[in-house]
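> As a plain string of letters, each chain reads:
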Amino acid sequence: MSATATDASALRPRKPGPSGVLIAGLAAVAAFTVWAAIQIEFTLAPLITNFTNGWEIIQEFLTPNWSFIFRVWEAWVETVAIAIVATFVGVLVGLIFATMASRVTNRSNWFYRVVKVALSMVRSLPDIAYVLIFVALVGVGSLAGILALIMFNIGIAAKLTAETIDAVDQGPLEAADASGSGTISRTRWAVLPQIMPNYLSYCLYIFELNIRASVVIGVAGGGGIGSVIDVQFSRFEYANVSAIVVAIFVVVMAIDQLSQYLRRRFV
Amino acid sequence: MSTANLTQRPDVTPAKRPTEPSKTRSTLVWLGLLALVGVSAWLSGARWSELGSLFTEGWRYFLLMGQGLVHNPFSEPYSEYWTLAFDKMMESVYMAWIGTLMGALISIPFGFLAARNVSGRVTVQVSRAFLNLIRAVPELVFAIVIMLPILGFGPLAGTVALGVGAVGTLGKLTAEALEGIDMGPVEAVRASGASKVSVLRWAFWSQVLPEVLAFWLYRFEINIRASAVLGVIGAGGIGSLLSQLFSKREWEQIGITLAVIVIVTVLVDMISGAVRHRIIAGSAKSERRIQEETVAL
Amino acid sequence: MIELSNVTVRYPNGVVGLDDVSLSIPDGQFVVVVGLSGAGKSTLIRTINGLVPATSGTLSVDGSEVTGASKKQLRAIRSRIGMIFQSFNLVKRTTVMNNVIMGALHDVPWYRSVLGLWTAQEKELGYTCLERVGIVEKAWTRASQLSGGQQQRVAIARALAQNPTVMLADEPVASLDPPTAQMVMKDLQRINRELGITTVVNLHFLDLARAYGERVIGMRDGKVVFDGTGADADDAAFERIYGRSLTADDVLPGRS
Ligand SMILES: Nc1ncnc2c1ncn2[C@@H]1O[C@H](COP(=O)(O)OP(=O)(O)O)[C@@H](O)[C@H]1O
Ligand SMILES: [Mg+2]
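Residue numbers (numbering that gives the first Met the number 0), protein chains in the order written: chain A, 0 to 266; chain B, 0 to 296; chain C, 0 to 255.
For reference, chain A alone in the conformation it holds in the complex:
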């Protein structure tokens, strides 16, 4: 038995080693990780040693001042209103850009490339950068928040919708072309009905994102409930902050449920 096994082993294929590319890639990832950790002086030690520092604050957080939530109801209204306006404008403009960012609906090669590059630049700036820009341009307040979110929404809506347009059934487009319809008409009637379900669910998703972003918007001066958090935080009123945080959580969950319901209903 053992003798035959040794004989046969000559015929057995050797276990293939991992490919060179994979080894090099993993080594690069490991090296980058170590380098990054050193650069930001990554350590988890303070989590243990400084825990008492945080514990006092955390205790305040654990006793939220519930009544504060309703005292700032105007800021809540503002946050939802900002999200509604920004979503509406952002998804409409985003839809127009999406049709220019797909080869299916944009038949000009150079124009397609220009739009693609412009959109990836719009998307690469984080929301906070837009808030800072518009606060500098139009002053602190909701208007800056709305404008910032619109820019942010255009980027996401255009990207998601353009990808959906790329995947539509081309048959109706062929029919539209064969009957000599113009670019706008063929987009409206051969493409739009096909992408509508996806597009609507992107709109709801973007509205959710806008509510979630309200904290960021407010902290940078864009109005809404985030500004309340910013003020309370700088006054060390942690019990008020935690009440607002819990309330944001509840609102986000509620909107999540609502949009899931609408998605089932209309999409």
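It is worth saying that the hints were derived from the structure and are not from the lab. Hints are not guaranteed to be accurate.
[Unchecked claim] Part of the chain B face toward chain A, derived, beta carbon under 8 Å:
1. TYR93
2. TRP96
3. ILE97
4. THR158
5. ILE260
6. THR264
[Claimed, not checked] Non-contacting residues of chain A with respect to chain B, defined by C-beta distances greater than 10 Å in every case (computed):
7. PRO17
8. PHE96
9. SER107
10. MET150
11. PRO196
Positions of the beta carbon are idealized from the N, C-alpha and C atoms, including for glycine.
Based on these hints, arrange chains B and C with the ligands on the given structure of chain A.
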């Protein structure tokens, strides 16, 4: 041509024409939506009159930002501006990388706990609730609430906040990926009498690995943008620099910093996207499905 | 009147789709094109309305040159040529009426098109075209709720809404079951007779070609190898077109 008679009714007695469905409902929906937006525009308290200044004066600031870019980047003080922006942006990238990695590792056990075909009902519901809770709280809040008091100002606080934030979404997506696997291999491995751990490692984990790696990379791309936000409250990275510059209204330097953000982000997106393509090419999942799923990130 | 003289189509990958084809199709004729898959039937039809550009030769429809036409001229020419596809190519998520009016979008200003504000006249056109194919009762249902045969009739109505002088159909019955295929062919024939629209239909089944073709054109390897009446298209002609003798697969089942 003899097509003129197209507009005449055909000779055959035609079926009755159906009446056009009423458009009232869709008109009402549209009017309602427009009213909602109008009322919101008013309730938001935005000073819409300022919008005009965006066009009358805004262009001047954009011109100033542009001026920063056309100056020779190797001359003083512009070389310093570029270097500073680049260093801070790289700090954001490092924060995002370490934070994502941390969150990803922690999310693995949660993913298994929250997958219906792995864990029991109670476990699944408890872990799902926990993941949803994390998902609902913005990273900024994690940073303000827990990280700054314990970890102090600086990139460390931001990194840990990004890590905690990533656990929610990555855990959920991992769970969903696990639920979508082919159960054939699982039964085969189980039938061979393998231990629970080897079933999880070889039948479950190896099936979802490419997809989960793609999710991690996606989350990394998103975290780069998120880390900018954390800088504004003093948690390190490009955001700190950006908010300082805006408060001092250093338009030329702002222009340079924004350009660095765009360049680095686009480059990282390209590299990460290429790696994602490679990884997914080796799995049964289509690129498109992954994209649809990661909308939830 | 469709006139092709020495038209050759070479695809970018080097495949010759049409090889020196000269044809003249007079107004009002019902022409059936037959041939093996890959013979160049689709290429012929798509060249006629300019969806595929001719590499050499000249081609005119009703006196307008298709070869060398500008984008704008091409759109004007196409607006008078109805086209019907094997896979119907309807927009499934909208109403039958919208689908039919899509055929007439060439003449609708863009802002009305975007909002879907059809005039009474356009709707009347939609109804009339649907009546021609006997499916007017479905005017306001979604296209996705129709059967294959019904969808193809809506597609014919859409082509009619263009008020065309020429109708091109690329294997219009290939995805339909035999009885439905017969009905759709009868619709096309009736429209050709009632409205005098010049009709070119690609078909796979020879018996349908014989039954409906006033004139039958046989193609093979991008060339016209047969051109005659339906009665001329005997078994010998068949061998010339298909390079083999007739088998049961070549006729529509359940008829002969
Ligand atoms: N878009 C195209 N690009 C390259 N070759 C094509 C294209 N369309 C058709 N062909 C080739 O041209 C030839 C004729 O095709 P086609 O006109 O579709 O034939 P049929 O409709 O008779 O089946 C075939 O060899 C086909 O492979
Ligand atoms: Mg064909």
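> Hints first: check each against the structure and report whether it holds.
Against the structure, the hints come out as follows:
Satisfaction of the interface hint for TYR93 of chain B is found here, the shortest Cβ-Cβ separation to chain A being roughly 4 Å, below the 8 Å cut-off. Interface hint status for TRP96 of chain B: upheld, as the beta-carbon distance to the closest one in chain A is roughly 5 Å, under 8 Å. Using the Cβ-Cβ criterion of 8 Å, the hint placing ILE97 of chain B at the interface with chain A is satisfied: the shortest such distance is roughly 5 Å. Interface restraint check for THR158 of chain B: the shortest CB-CB distance to chain A comes to about 6 Å, inside 8 Å, so the restraint holds.
Because the smallest distance between the Cβ of ILE260 of chain B and any Cβ of chain A comes to about 6 Å, under 8 Å, the interface hint for this residue holds. About 4 Å separates the beta-carbon of THR264 of chain B from the nearest beta-carbon of chain A, less than 8 Å, and the hint is met. Every beta carbon of chain B lies more than 10 Å from that of PRO17 of chain A, the smallest distance being close to 14 Å; the non-interface claim holds. For PHE96 of chain A, the shortest C-beta to C-beta distance to chain B comes to about 17 Å, beyond the 10 Å cut-off, and the non-interface label holds.
Separation of SER107 of chain A from chain B is adequate, the least Cβ-Cβ distance of about 23 Å exceeding the 10 Å criterion. A cut-off of 10 Å between C-beta atoms confirms that MET150 of chain A is not in contact with chain B; the least separation is 12 Å. Non-interface status of PRO196 of chain A relative to chain B is upheld: no Cβ of that chain comes within 10 Å, the nearest being about 12 Å off.
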